[in-house]
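Chains as they are written, first to last, in numbering that gives the first Met the number 0: chain P, 0 to 244; chain B, 0 to 177.
Source of the hints: derived by calculation from the structure; they are not laboratory data. Heads up, some of the hints might be wrong.
Below, a sample of chain B positions facing chain P; criterion: calculated Cβ distance under 7 Å [unchecked claim]: (1) Glu121; (2) Ser124; (3) Ala127; (4) Met132; (5) Arg149; (6) Arg150; (7) Val152; (8) Ala153; (9) Leu156; (10) Ala160.
Ideal placement from N, C-alpha and C gives every residue a C-beta, glycine not left out.
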Amino acid sequence: MSLLSIRHVTKRHGHGRIERLALSDVSLEIEPGEIVAVWGLRRSGRTTLVRIAAGMERPDDGTVLFAGHDLSKHRDKILGSEIGCTQFHFSSEEGESVLDQVANGLLAGRISITAARRRAKEALADVGADECAEFSPRDLDAGETVRVSLARALVVEPRLLVIDEPTNGVDLRDRDPILMLLRRIANRGVALLMTTGDGAALSGVDRVFTLDHGELHGGTSQPPASVSPFRRPSSQASVKSERMG
Amino acid sequence: MPSLIDSIILALVIEKPSYGYELHERFGRRFGKFLSTSLANVYDALGRLEEDEYVEVAGRSGAFGRPRVNFQATAKGVEIHLSWLAERLREDPRRLALLSRLASTSLRRTDAMLRVIDRFIEECSLEARQIAMPACEDDLLCELFAEQRRRVVAAQLEWGAYARSKVLERAGRGEAEG
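Here chain P stands alone, though its shape is the one from the complex (with noise of 0.2 Å):
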């Protein structure tokens, strides 16, 4: 059994006239410790396949099992503690620091504030960010952000990391750190379920899926087999031919 079973989803956007297909009969399935990327355009529907795999929206048809459960009927349960949704943007009801941001996601959980607030700094320190702790969320920069997120998602050590577009935005020079962190985060079991337009944040991913138009293709992790049709004729063929000729 997968960890995440997306199968033959699909979803649209808007009605009538302007009804739009985001996502068309998609199926696939991520395992514990595996980094499945979808690569795609603007509105190839990567963001629609984030928010349905979190459990954020529900799919029109088909159906997504998480660890064998139906997400739609166990969203409440699972959602924000066995399956982490990184988001890059902060309220500022959920804490004026970012430490505070990362531990409001703990509170829920009816732990005391010192004891949130001691996990939210080892989390911040496991993604590199501990510096940032007592930063407001406005004064950091698309790299800083990126690892603050990581660190409010895995706060509550979720199974299944969804995260969309992870390098958006962020410097050439932090890009790298970040895809190795998302490595280290995945050698400990996560699994992580993300979505990028951007090619060059595909190095090192497990399985790779293009998404075209809400149609997902590829996945394997084999290339094709390669086609050489033109081949010299062996020259025991050549002699045969001489002679027949």
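Following the hints, put chain B in place on chain P, whose structure we already have.
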């Protein structure tokens, strides 16, 4: 401009002045993964490079009656090698022009075009995944070349998706007109 084999021999001489047998050994260690060559080819390459004044004899040595001719790169040789490298950092536009001519000869049907484009996208995405990260440990040039490859593949992926949408758009227009 020297050929590929000649350029590799020239690069090896630039790395360290040397003689034919040692250059052949170093060729195998450094480039054996991509190419193979014989000792005779190495001597032929050295002859051509010397004739073009890209390398010159640095001295003769040898033991047990076997003479050994050491070659070193000339300033002209270093200059030509750097120019050769800079030229090849880019894709060969003639190769792309030839491929485009070939494709427009044989790919007239929408399904055939999509098949080729889909395979192209699949290969690009697999290559993008296979570029390891970090690409190289403590080797800046290797790291920079890997980054260039990543960017080329990223652009190719975007081109593939764009090409796919243009082919589908034209097919849809054809159906509507038909």
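Going down the list of hints, with the structure as the test:
1. Residue-level restraint check for B/Glu121 holds (minimum Cβ-Cβ distance to chain P is 5 Å; threshold 7 Å).
2. Annotation: interface hint on B/Ser124 holds; nearest CB of chain P at approximately 4 Å, less than 7 Å.
3. Hint status for B/Ala127: holds, given a least beta-carbon distance of 4 Å to chain P, under 7 Å.
4. The criterion of a C-beta within 7 Å of any C-beta in chain P is met by B/Met132, whose closest approach is roughly 4 Å, and the hint holds.
5. Below 7 Å, beta-carbon pairs count as interface contacts, and B/Arg149 has one with chain P at about 4 Å; its hint therefore holds.
6. About 6 Å separates the beta-carbon of B/Arg150 from the nearest beta-carbon of chain P, less than 7 Å, and the hint is met.
7. A least Cβ separation of about 6 Å between B/Val152 and chain P falls short of the 7 Å threshold, and the interface hint therefore holds.
8. Interface hint at B/Ala153: satisfied, since its Cβ lies 3 Å from the closest Cβ of chain P, which is below the 7 Å cut-off.
9. Taking 7 Å as the C-beta cut-off, the interface hint given for B/Leu156 holds, the closest approach to chain P being about 4 Å.
10. Because the closest C-beta pair between B/Ala160 and chain P is about 5 Å apart, less than 7 Å, the hint holds.
In summary, the structure agrees with every hint in the numbered list given earlier.
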